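Top line first, the protein sequences correspond to chains A and B. For the first sequence, the numbering used here begins at 1 and goes up steadily by one. For the second sequence, the numbering used here begins at 1 and goes up steadily by one.
Take these hints with a grain of salt, some might be off.
Same chains, same names: a pair is fine if it fits in one copy or spans any two.
[Stated by the list, open to error] Keeping only pairs whose Cα atoms sit at most 30 Å apart, straight-line, the calculated DSSO-like set for lysine-lysine is:
| hint | residue 1 | residue 2 |
| --- | --- | --- |
| 1 | 215 | 157 |
| 2 | 92 | 173 |
| 3 | 247 | 35 |
| 4 | 326 | 272 |
| 5 | 157 | 35 |
| 6 | 147 | 157 |
| 7 | 215 | 92 |
| 8 | 272 | 157 |
These are computed hints drawn from the structure, not numbers from a lab. All figures in this text were calculated on a predicted structure; none of them were measured in a lab.
2 protein chains.
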Amino acid sequence: MSKTYNTEIISVGTELLLGHVTNTDARDISEMLSKIGINVKYHTVVGDNPERLRECVRIAGERADIIITTGGLGPTCDDLTKQILAECFGVKLVRNETEYQGLYEYINYGRKLTENNYVQAMLPEGCTVFHNNWGTAPGCGFEKDGKIVVMMPGPPKECDPMFENCAIPYLKKLSGEQIVSHSVRIFGMGESAVDQIFAEEMNAMINPTMAPYAKECDCLLQITAKAGSEAEAEEMIAPVMQHVMDKLGDVVYGVDIECVEEAVMALLKEQKLTFSTAESCTGGDIAHRFTDLPGASAFFKGGAVTYTNEVKTALLGVDPVLLEEKGAVSFEVAKAMAEGIRERLGTDMAVSVTGLAGPDGDGVHPVGTVFIALAVEGQTYVRETFMGINRTRSFIRRMAGNHAFDMMRRYMSGLPVLTE
Amino acid sequence: MSKTYNTEIISVGTELLLGHVTNTDARDISEMLSKIGINVKYHTVVGDNPERLRECVRIAGERADIIITTGGLGPTCDDLTKQILAECFGVKLVRNETEYQGLYEYINYGRKLTENNYVQAMLPEGCTVFHNNWGTAPGCGFEKDGKIVVMMPGPPKECDPMFENCAIPYLKKLSGEQIVSHSVRIFGMGESAVDQIFAEEMNAMINPTMAPYAKECDCLLQITAKAGSEAEAEEMIAPVMQHVMDKLGDVVYGVDIECVEEAVMALLKEQKLTFSTAESCTGGDIAHRFTDLPGASAFFKGGAVTYTNEVKTALLGVDPVLLEEKGAVSFEVAKAMAEGIRERLGTDMAVSVTGLAGPDGDGVHPVGTVFIALAVEGQTYVRETFMGINRTRSFIRRMAGNHAFDMMRRYMSGLPVLTE
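Taking the hints into account, I'd like the entire structure generated from these sequences.
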């Protein structure tokens, strides 16, 4: 992008100032913009108050080239974003016939028809309309006095897809350049290690660019290129991507996906395999994470959450003598749990977790010690991990789940299933 | 509070503008302030840039009485909040000996000692120091030119407890009044129904005040009073609380707690009872939510996640004929699942869930149909619910869990265990 567009996101809504909701819109929009090389310089949150909003728009006009608003596009008297922005930029609101008809049909579809709903079809004259496929209030974008204004609905489930599908293409066009970005997802190597490998070349790169980011329990490397066309940008990225893959090797679990369980789902689908789970300290989190993916039922048959020794015996058939001799948090019990659930449910694979998520320990291992096992036909792998001191319960539980999915991914990809 | 204090929260950190992290600090601080009657008028997010931060502080000084910053208190060169705020308000930074010694000891405790760490002990002259029991960088509060400035560390696990334990008492003192607030948590009645019951009296109330808030799958009623002392405020709240309890009855699951599983945990503890779970569409979420509470293992023995008919039979002993005749999503199967897991794990109670979280249905029931059962000695209760159309998968799963916990709570409290 030849010109640098500084951006301010103004989120409108008293509920944000009362702390009833978190401003995830600003986070999500910022993330999407950073991927296409547009710099966000400010977020502002202001209540449903015309005077204060007007003043915020004035301040934004002085310090930003692109002003993005979220919220306040609905039909009630609180919803004043369009009116104020139109007023500030001297643009008329006119009725958009397509949106008007659409609202008419939507509202008639089993809903009470009230006049104030039609206010949503009033849009700035000459704007690009972003039709709302995820709700009712349309968004829009317009240019005036050298500024670009984009207005988005507040509910994240409307704002996020509309920004991605409507606002991003609208903003990309402004520059006459296409921006393409891919994220390489990594588990088993930390952000700082990734940074060390590529630091020198990253500093020297201008286009494409490359940057590592830490996520809660894994990390990613973002590769971004700008060119005259999407194909050209992809071509510029290809050799960089190849180089990154060669350097990182098998710690990469996917490109442009969100989590390691997605990679596992794709492999299960490809190889037509099923799995089951036996969870102690993760308390059902592995099953819950996987079944959050629509379509999970074709691959995940079920699992057991076994918090006590007796239940490990009752549901998984773990030998009470083994539990007595080795302790519940042990290599041997992890192995017996995975084998037990796999046999009982007749799945191709099974994973198990037993460990100490804290705050209490077992007097033998420190909190953060977790054994993860993967049982397949004729073989069981056990990984012993230590998550580090001072980790929260939820971090240890999530990390343990990542390890379980990582072992499945490695096994199905024909990679060594690392055991530590 | 006699004077109205308008507040602006300025969050400092480029990672917020890149969308790598969500601004939960501003949300959490806003929520805590609203409970003590302090109005937050603006949130601002700005990067680690001295000029832009300086300008944001100038703007905040024009429109707010209390300026709260989060982030930028650490030891690296990015961390410039204290320097800029001190400069803007003409206050010197001086070394705080207690904090200096504390840092010295902390850093020596297994950490490399570098000079830049001591920068954290440099604090505005005459300020009230908020010692950081949850990390290293201290926070602080000071008054200058009629403005109140409060600075908090950025990491939420430091910011939240420090704000609650240090900043809230500091800000409460300013008014010479004490503010006490209690939240009444409700499941089984929506926010608008609660609003309808109390609308008229709420509008007429000045001190104490009362307001209903919607949460994801339940709601709450917040009662707040201001008085010369905490005891006085509590006395003012008592009759209102009594009135609310009388009106709402048994849909109240607790006061000043966060979720219905906490209420269940307290009852299990009091009555020395155990439970187990059998989950289909919730996929382990009920087990996961309960085991997120430290100490869960004394009451929760384990559970099964049964995604297929075969697994319902293998792990819970559900009769295949029953599954064939009634279907997996049915009153009878919910009952058999709860009874099966209770018997196998030998727990006092057991809950089960079977339903359709979507996107796919079973051709018989609409998506959103969920059966929840509670089995106890000699009796099994089954609740049939329909979560409404167009609900997300995660909403349906969470709501189903709330129903399961609600049934346990009602049973243990001697209330009718409603079956619809």
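Quiz item: Are the CA atoms of residue 215 and residue 92 at most 30 Å apart within a copy, between copies, both, or neither?
Solution: neither (44 Å within a copy, 38 Å between copies)
Exercise. Please work out whether the CA atoms of residue 157 and residue 35 approach to 30 Å or closer within one copy, between two copies, in both situations, or in neither?
Key: This pair counts as both: shortest intra-copy Cα distance 20 Å, inter-copy 28 Å.
Quiz item: Is it within, between, both, or neither for residue 215 and residue 157, if the alpha carbons may be no more than 30 Å apart?
Solution: Both. Shortest intra-copy (22 Å) and inter-copy (16 Å) distances satisfy the 30 Å Cα cut-off.
Exercise. Indicate which option fits the pair residue 247, residue 35 if close means a Cα-Cα distance not exceeding 30 Å: within, between, both or neither.
Key: within (23 Å within a copy, 52 Å between copies)
Practice problem: Since the copies are identical, ignore which copy is meant and state whether residue 147 and residue 157 lie within 30 Å (CA to CA) inside a copy, between copies, both or neither. | Solution: within (27 Å within a copy, 39 Å between copies)
Quiz item: Is it within, between, both, or neither for residue 92 and residue 173, if the alpha carbons may be no more than 30 Å apart?
Solution: So residue 92 and residue 173 pass the 30 Å test inside one copy only (24 Å; across, 49 Å).
Quiz item: For the identical chains here, do residue 272 and residue 157 meet the 30 Å Cα criterion within one copy, between copies, both, or neither?
Solution: Neither. Shortest intra-copy (32 Å) and inter-copy (42 Å) distances fail the 30 Å Cα cut-off.
Exercise. Using 30 Å as the alpha carbon limit, work out where residue 326 and residue 272 are close: within a copy, between copies, both or neither.
Key: This pair counts as between: shortest inter-copy Cα distance 29 Å, intra-copy 36 Å.
Comparing the model with each earlier hint shows violations of hints 7 and 8; every other hint is respected.
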